[in-house]
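Chemist: Chains as they are written, first to last, in our numbering: chain P, 246 to 747; chain G, 91 to 194; chain E, 50 to 289; chain Z, 9 to 529; chain D, 699 to 798.
Keep in mind that the hints were calculated from the coordinates and are not lab data.
There are no misleading hints in this set.
Derived list of chain D stretches under chain G, where covered just means 3 residues or more per stretch with a C-beta under 8 Å from a C-beta of chain G:
(1) 702 to 708
(2) 711 to 717
(3) 731 to 742
(4) 747 to 755
Small disclaimer: the values here were computed from a predicted structure and weren't measured.
Backbone N, C-alpha and C define an ideal beta-carbon position, used for all residues, glycine too.
Chain by chain, the residues run as shown.
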Amino acid sequence: MDWGFWLPQIMLFSSLIPALVIFLLRDEQFWLRTSLNLGGSAVKLVLAGIMAWGVLAEGRTYEASLPFLHNQELVLRVEPLSLMLVGLSSVLWFITTIYAIGYLENSPNRTRFFGFFSLCVTATIGIALAGNLITFLIFYEMLSVVTYPLVVHRGTPAALAAGRTYLLYTLGGGVLLLLGIIWLQVLAGPVSFEPGGTIDFLLDDHRTELTVIFGLLIAGLGVKAAIVPLHRWLPEAMIAPAPVSALLHAVAVVKAGAYGIVRVVYDVYGLELSNQLNVLLPLALFAGFTIIYGSVRALGEFDLKRRLAYSTVSQVSYIALGTALLGPAATVGATVHLIHQGIMKITLFFCAGVFAEARHIHDIREMSGVGRSMPLTMSAFTLGAFGMIGVPPLAGFVSKWYLGIGSLESNAPWVIVILVASSVMNAAYFLPIVYKGWFGEPHEEIDVVEAERFQVAEAPWSLLGPALATAGISLLAGLLAAWAYSPLSLAEIVANQRMISP
Amino acid sequence: MSEFLIYALVAAALFAICLHGIITRRHILRKILALNMMGSAVFLLLITIAERNQVDGVADPVPHAMVLTGIVVAVSATAFALALARRYHAQTGHTELHDEDGST
Amino acid sequence: MENRDPIPDSGPIVRVLSIILGLALFGILATAVLELDVEATGLTDTVMERIGESGVDHPPTAVLLNFRAYDTWLEVAVLLLAAWGALVLRQATRLPEQPAARSPGPVLDWLVRMLIPLAIVTGVYLLWRGTDAPGGAFQAGGVIGAALLLLRLSGYRSIGLFSAAWLRGSLLAGFAGFMAIATLLFITGWTFLEYPPAWAGLIIVIVELLITWSVAVSFVALFVAARPDDSASGPVGGER
Amino acid sequence: MSLAGIWVILIPLICGLAAFAVGGRSARVIGLIGAGLTFLLSGLLVLHVWQSGVWIYQLGGWDVPLGISLRADGLSAFLIGMTGAVGLGISLYAVRYFEDEDEALTPDPSPDPSAPLRTGAGRGGTEVWLPGTSYWPLWMLLWASLNVLFLSNDIFNLYVGLELLTLASVALIILQREQAAIVAGLRYLLAAFLGSMAYLLGVALIYADAGVLDLGLLADAELTGTATQVAGGLMAVGLLLKAALFPLHFWLPAAHSSAPAPVSAALSALVVKGAFYLLIRLWFEVFESAGTVSVEQMIGALGAVAIVVGSFQAIRQARLKLMIAYSTVAQVGYLFIMIPLAGSFGDPEASWRFEAWTGGLYHALSHGFAKASMFLAAGVLLSALGHDRVWHLAGSASRFPVIYLSFGIAGMSLMGLPPSAGFVGKWLMLRSAVESGQWWWVVILLVGGLLTAGYVAIVLSQAIQHDVEEHTEPHPVPKLMTVMVFALAAMSLLLGLRAAEPLELLEIGAPFQTLMSMVED
Amino acid sequence: MTIDLLFDSILALTLAWLCWRVLSAPDLFKAVVLFIAFGLLMALAWVRLNAPDIALAEAAIGAGLTGALMLDAAGQMTGRSFPYFRKPEPAEQEVDHGEP
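Just chain P, with the same shape it has in the complex (with noise of 0.2 Å):
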């Protein structure tokens, strides 16, 4: 068995399978879901596990190509950059299925939520493993169906209105994004990922169009990414359920918008085609004024998840960002924060869903106190609030000093500038809550209530669980970036590939 051929598909079947077979269960069949999604995420996990030997200890490569039209294919392939995606979703994806476990049980439709759920992590990793444009269009456009359902899940008039706007904005951006597609693959044919890009021979003739095709391609991804001004569908897209908006920030949506440019500028344009066309200026200026402008909205957000919601967009265009800048350090923390924001957003999404399930707090002012009477959960959300301000050694401190290293090699001094009224902000908007949240007054009332409720822990393992295990490894991938697997390492691979041609 040509194991090089069927892992990436195993990989993408290990979800989806699960998802077909989920959809045929009623809603009361809760052992063979539950065993039928940690099943499937276990199996992405081990297979995960396996290739990251294969690719890191043995150098080797894994791609899978099959007949899709006269003279394309759909290309799945395992390299360093797509392993990272790989790795962050399939780690987060089995955390937050049990956590979604706790979260939902009890609640309706729970077959539609978990079938949808597993087609997500299916579409994101397809859009990890995409080695061409067309792979990773179809992946991209499927993520953008499948997570509709999870969004309007509750049903309510606001949900409804949420996926409302989150359809129009990722159809839009979809469509921009197939345009683009179309319109270079006809200039240059079927396009494949490779590093240092592969349509340089177009530059002499077709100036412009490539230019007018980033910015499609850009604009297209931009949405995912929640670059301002095509963010505003994120923080209204909160209304989802808990597990939902962590998924949506940390792994899914998000990171495939960044995650897309990240492939676009180093895979298919390459560096020194972006050089030329002088498009980095501009998608440095974007990412830029959204890290500040997100930052902004979020000291203004009093709802914890909307807080939340901003703090996303603000973190994730530092991805953009760094990957404008071009310079190896900037690549090394552009690709990092793919991961580690991943990670430690999904810790404070976890607190924010454990804080509402288990005290029913959504304001930050009804924060003050709790770490009392929930010491646990706010030990797991100050390590993230602390990641995201960037405070050694958490892995938010990894990131931000690449970058900052980074904007010094590329001569952009401003985004140091950018950078650090980020972290202040950052802080400005974290702090707070973890002083209120260990040292305010507490509500005694509610205290009372809730905590007989959960007899033994103060929120129920499931919950718990998660957040503290994502908080942990935040942890850990600061304390142990040096380590030859850590996600440092990793981006380092990923950066060296990308910076051999210049």
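The hints should help you fit chains G, E, Z and D onto chain P, whose structure is shown.
Modeler: Structure of chains G, E, Z and D alone, referenced to chain P:
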């Protein structure tokens, strides 16, 4: 001006008149009459062509066969349309086509 | 006059536009017709060359029932479908009998008694002649159908006597018979719709006979089924 | 296997007639056998064309131009295959659908079940009439007439095929004799009749000009005379009327929405394609040298208007079946965007023409499966809830999850979102539009997708909406119906994942032979 | 030859005029009768055009049968039965029920 042209031109004229009738007349029966005569116009043209194609006094039999087929097809469609129209009239009393919601 | 169309026709704008459209169409068609060659032979020669192989002598019949038998076969299906559609409309599996037969009067009665056999003889004659001279299944079917209709309209029991199975069988006969012959020959190795040369004439006559009967019954069925209130006994099955 | 082309016409006819002759409840069994066999034979025909190339058959052993020939190239096989698969799905659905309907119509069992049930007075008694028993023979005939149409290679025989198709369709529309269906059926019949007459006049003119009726001979003749051009125009207008391209679509919404669900599905998914197929055949094979850029652009423009108007009308509709019917109007518009793209705009030797041609046909394929699934889904909802009002579907998603899942998948295919067959079609057409520099069609194709998303999302969001009203328990829906709705939707998805083979099939015997080599690289 | 042509021309013009009258005659019954005349004259034209068997079919089916169907339908729709097709009383009353 030959026999061929006279009949071919009148076939063209009949077709055009019938089209006008179908568009402007609103009574279902008139529409069906117009459609049926439109068929006759086409058949006339075909028979004219058959006559033109004659060799040694034998007219081209292929258009003849086409017309014979066409007549049966036309009468089938006409009769079915009439049956529908009469059913519709018996149900609603209308003699022109109305939609319930009044659209188009 | 109560017989005038109660409905006004389309307004002046539509009328004017339609006239313009009609004139334009006429102009275009006239141009096309005038551009046609005045001398041409079409397929006349081709047919005449091979008519000897068809089993009949009359060219249109040869085309209709042999060279282009496929058309004719499908055309019978169209007629069958129309009759059938009319039956669906009645939701009936058989046709109602003419309600309460009334005497058509002595003169008419005599006329009918004379006309019916005459029509049937004419029909059979037309059918028979069709192999070598003008005439054929459809003309014959039309005449015989008219006779059946006359019978019915003058108050005699006719097609209403047909049981459901008889009616269905009569409607189907032409198409199904044609198909059965063609399919049997096809299964035994002939090209579809090809007749063994020796049998061609006979097959064509059989097919024509079946088609004649189906055409006649279909026409009557179409006429009778079209009348939504023909039966005084009220709505038929399923409508209650 | 080489004779599958004959059997694919004969078998549905034989079974249809048998079902008609036998009547009663056994009609269903015969119909189902017919559907299964026809499906298999369609598959065999596709396989035959795939392996041995274009299949040509001289009926009666008479060579053209004397006789009539049947011809199955890639395009015919493609559409026959689609008809076979969609037809089988519809048939299996109809088994249970009409079982339900018939049971509702059957009167209480009479004391003596063996006695024939007589109604009315006197001798005029009839057997009990059930829509289901009439459905099967008519549906088999409809199916056969589609195959006749796809296989025939003779322009007059195609006329007979078109009439057969029309009459079978109308008879099916009025199956339940509702007033709305009768007026819709009548309007449809008259419109189709008019279309046929225009087509037949075209046939007459072509015969006058060329002296032959065979498509192959006509294509070789490369006719350019005035008569041929006029004939082309007449045939095109007639077929556009039957294919319901804006503004000739006036008959479609009522006809397609008032029929019983399996019939609506067949009409929208298959019957419209019949006229479309014929138009494409004629346009790119017979009248290829007679077409002009301005006419092509105009047809494309009508298609564009159809997309916009049809979609907006669909968004406005309060009834689900009407919404789906208007969606067909819009989707037909999509199909006709192919004409200017594959037409004579720009370089006549450019490969984009072939791309657009395959893209349009692939879109037709995807629409076939997706629209059938949608209408069948609407039928399930209608029989379960007793209504199909879009604004009263709240909460039904949790009771019919598979139905809405299928509806969503089918909607994806209509939008052209990957991965779906609709995406493949849209991709190819978009490529062609970009390549040829016809940017206006790019915009239309993209905007059309978003508009489609509009009405699909309305239905889905209504269904997902939290249930506020108290509902009576829905009428139970047979599982088989739900399964078929899903199977058809799934096909529209799967055909988007592996399009290479169907696309290759289309190349067999296609026009643009010279251009195909260019697409390969 | 010229007499033939004259006859053909007159026949052709009559056909066109009849066609117009069928569509515009105010009385529906009259229109249907004119339609039958149209069919018969058409058959005559086809005899002139060397197609006697088709003329036969047109006379029997096109003019005769279609004409009868049309007359019957016109009777129902105008609420006044053509004398020959008059039906017994109860049925006829039902015909009128839907007239607006």
